[in-house]
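*Asks:* Letter by letter, the chains look like this.
There are 2 protein chains.
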Amino acid sequence: MKVIIVGGVAGGASCAARLRRLDEKAEILMVERGPYVSYANCGLPYHVGGVIQDESSLLVATEQMFRAIFGVEVRTNCEAIAIAPKKKTVDLRDVATGTVTTEAYDKLVLSPGAAPIRPPLPGIDLPGIFSVRTVPDARHIREWLHQHEAPRTGLDSYTGFQTVTRPQRAVVVGGGFIGLEMVENFAHLGLDVTLIEKLDQVMPPLDAEMARLVERYLVKHGVHLELKDGVAGFRQSADGSLEVLTAGGKSHAADVVVLAIGVRPETALAKAAGLEIGQRGGIRVDEHMRTSDPDILAVGDAVEVKDYVTGQWTLIPLAGPANRQGRIAADVIAGRDARYRGTQGTSICKIFEGEIGQTGASEKLLTILGSTDFEKVYVYQNSHAGYYPGAKMMAIKVLFRKTDGRLLGAQVLSEDGVAKRVDAFAMAIQMGATVYDLEEAELCYAPPFGSAKDPVNFAGMVAGNLLRGDMPIVHWDGIGSGLLLDVRNPAELEVESVPGAFHIPLPQLRSRLGELPRDREILVICRSAVRAYYATRILLQNGFTARNISGGMLARSHRAEA
Amino acid sequence: MKVIIVGGVAGGASCAARLRRLDEKAEILMVERGPYVSYANCGLPYHVGGVIQDESSLLVATEQMFRAIFGVEVRTNCEAIAIAPKKKTVDLRDVATGTVTTEAYDKLVLSPGAAPIRPPLPGIDLPGIFSVRTVPDARHIREWLHQHEAPRTGLDSYTGFQTVTRPQRAVVVGGGFIGLEMVENFAHLGLDVTLIEKLDQVMPPLDAEMARLVERYLVKHGVHLELKDGVAGFRQSADGSLEVLTAGGKSHAADVVVLAIGVRPETALAKAAGLEIGQRGGIRVDEHMRTSDPDILAVGDAVEVKDYVTGQWTLIPLAGPANRQGRIAADVIAGRDARYRGTQGTSICKIFEGEIGQTGASEKLLTILGSTDFEKVYVYQNSHAGYYPGAKMMAIKVLFRKTDGRLLGAQVLSEDGVAKRVDAFAMAIQMGATVYDLEEAELCYAPPFGSAKDPVNFAGMVAGNLLRGDMPIVHWDGIGSGLLLDVRNPAELEVESVPGAFHIPLPQLRSRLGELPRDREILVICRSAVRAYYATRILLQNGFTARNISGGMLARSHRAEA
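Here the protein sequences come in this chain order: A and B. Going left to right, the first sequence walks through residues 0 to 561 as numbering that gives the first Met the number 0 numbers them. Going left to right, the second sequence walks through residues 0 to 561 as numbering that gives the first Met the number 0 numbers them.
Careful: at least some of the hints might be erroneous.
Remember, identical chains collapse to one label, so a pair may be satisfied in a single copy or spanning two.
[To be verified] Result set (SDA-like, lysine to any residue): computed pairs, CA atoms no more than 20 Å apart in a straight line: (1) K452 to R338; (2) K24 to F543; (3) K227 to K305; (4) K227 to S370; (5) K24 to D469; (6) K391 to Q52; (7) K24 to Q507.
By construction, these hints were calculated from the structure, which means they are not laboratory data. On a predicted model such as this, the values are computed, not experimentally measured, just so you know.
Construct the entire structure; sequences and hints are all you get.
*Replies:* Rendered as structure tokens:
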């Protein structure tokens, strides 16, 4: 059996290695258009930022390793340019020489990845405008930064010499994972960074009100944030630097520009071969990673996958799923009944000291799909026991089905402990857990790591209280004509109060019930909705109609900026 | 309805607060023998160590808060001394005055906790010997350390004054969670610390070979570790300091001693009331937290719980379960059908920079229970992408059922990212996941947080490969007469080799198969069992009989010291 694998990173490389372990005799040829196989493209922003100094450390497995250990023939700088599915051949072009050879296959695996989107804007090919997808991309940015060090205006205070510095102004276009990582890394290098995002939020997998927290955080860290403004073009200034022109008519000066406006599945080869392309523009595969031609499989960023939570076709270009798909494709080729269960979109991003993670469906997505059988809660808890140093406020949004409590998605932001919680939520979603299971989850607790009631438990309890009818809630955007009742302490109101809210501090509530109306709904406010929950319970049991305003003032602040 | 809650920490406090939320009208009286309710006893070691400076920050909720917010009558320094189940009364003694009053109840909740074990050894009541269970305990240790600062032998180099320093020698007796946390905190204060443990390992929930890693780590951090030696008594030296005498005949000088040899459920009150006590010595309760008297419930460290994995009765004194049990007891009293699902023993401990976590059953426990339907794998992986700074080696042991792959337990040690993995394993166990589910888990990945194949995935893959028959394994303690084949590089063998092992570096294996015997089993060795897996696959597919030595050299080193 001869297997050709097109694309030698993530999915392709995983497939090759796994296939060899399952089939010592198969002839395996892996071709890669670029100069490297199995490199760590997730590390590229950190290499640009100098956090990862050594380029070679990004090469997870080398060509030589594939040959020596896996007996896989590897051709780098070799592009697959055409497939003849009936003849079962693929044409391969040597990128350096242009020589084309034709290779026959028994099974073909496509792992071509996705290409950075580069819209045909005026000036887009000006020097100094980069994407961050390959090792050479990162190298080019580093070289550019090195070559364009500008003289500093002053003298070095210690040596007295005129010193040089790096370019001072970076513009990052696109506020997704790569964009945010590039923002952090440019800032780490001391650049003044502007982030331009066409949408009204950064981090598209998050819901907008959670993204507000990220945006506020970026601004706090000195990033110039330009939302709701797309790039219209680029221009070279008289001094040789760049100008980024926006649709809104602004101009941002830049010494370096990175385009991180997303990726598009590399489907040209598949399309030309007549393989089915899905409605989202990726190669369509079945659960065995087989394309519409059963002898051609496809994996990684180029394929559409089933969203594990919603069951919809989607494009989720992430390394973990690509690796698993490669492994499954190898299993299938080796005759095993392996199936891909779909992708649930678990992801995390570091931005300065902040950690932003999510898994499962967002409210935005559920709404687009027309789902109404869901509810959400916001939870604000310490990342670990508040009395142990270093605890950070953690913001969690959890989405779940109203009818049965099934967990649908979670978004978590903090400067500490996000991965621990997202992984618990991710495993819960994978296993079909409900919010009641979250209440009972037995997670790591010691003061440096969590709390006896972990934020994950807390999220489950808030959701469970809601579903059991113990705590009716309302969200800030759904407040109608109810009486707003603020149960915080007077000192807290001095910092920030809600216009029109009636004020009874929680400890006085039982003795002042007579001041509250019985013919009007009472909507209860506190800082994080915990005391408001206590108050809501008191009111409900005393015959009032009351709801807790979910997430309290903490949720209000990031909603208000939406 | 009048509810009396005996014990105002963790379980008792949770119960009181939850019950008030469910029942605004119930009369709730919470009595606590000590001076504080709802204090953070998990923080006590860190308060002794000065990491948590302010004692008041350990008071999670005060007596006043319970009164004002929850309308709960609280009596501190008030001990329940007798229950009359038929009359449904409890006798309460004011600790200060000795006055006894009798209170009637409709429902009684016992949350008396557990008491530190203090064996009747000679000299155990000498000053300077402490337990760490209450806020006053921690305060007494701090005061003792402060009062017993000894004059330094030299002069302060800056001021020229004779300076004082803290006591220099601490002995901690008992190597469980509290013992290890006290070791760290004494070391943090600059004390020279000796840890004495009667058993042959520290950290009893871990299997011995995993505890070896902790022990090695303690020694590396300058801790004097004395295993397999119990304390026989204590003596005061001529200079006023203490001597800790061991069963093995040793004497350890100490300026301060902490006993952390475990806790015993506080069952005297329950026993005297005729309530059923379980075979493990805790109060027996049903899944609704009801004792043998249906009007008396019990929660927390004093009760026996069902082990969620094994189904056996057990004592697991942890804060998270105590809180959940308190909540469930409140639900049950309020007439709800709440059930406790059992405890799976999820726990974590920080020791210096190390993190030690576990969940579910250990091999030791499964063996004691006579189970044979389980297998184990050892996995050594980076805590996050190796190319991103700060990645640490992570050691994982996973236990699972042979018949169906059901996950039974996990033990994780590293200096980074342990909680993230233990929580994923914990949620997996809760939801009945198999090792195949771990293979497919979609967990947080970005270079600072994980790897595209997370160590949790990796553990699942290793276990899955084993169960599918793709990778027969043998453990170091099960090696018989097979040929040991070391497939590491020559440079690695120079650092540490295995006596009698035949050596073929992995890249040469395919071309040197002729050198290997076909009539003898081949047991393959590498550093972490990854390359040995590749080699085992090559050998098996070429007709050899081969097994991978689980965990490789990394597993050997800590086994060897066992």
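*Asks:* Evaluate each hint against the coordinates.
*Replies:* Do the hints match the structure? See the list:
Taking the shortest Cα distances, K452 and R338 sit within 20 Å of each other only across copies (17 Å), while inside one copy they are farther apart (37 Å). In this assembly of identical chains, K24 and F543 lie within 20 Å of each other by CA distance solely across copies; the values are 15 Å between and 75 Å within a copy. For the identical chains of this complex, K227 and K305 are neighbours neither inside a copy (30 Å) nor across copies (56 Å), given an alpha-carbon limit of 20 Å. Neither within a single protomer nor between protomers do K227 and S370 lie at most 20 Å apart by alpha-carbon distance, with minima of 27 Å and 62 Å respectively.
With identical chains, the CA atoms of K24 and D469 are at most 20 Å apart between copies only, with a shortest distance of 16 Å across copies and 63 Å within one. In this assembly of identical chains, the alpha carbons of K391 and Q52 lie at most 20 Å apart only when taken from different copies (18 Å versus 30 Å within one copy). Proximity of K24 and Q507 under a CA criterion of 20 Å is satisfied inter-copy only: 16 Å between copies versus 79 Å inside one chain copy.
When each numbered hint is compared with the structure, violations occur for hints 3 and 4.
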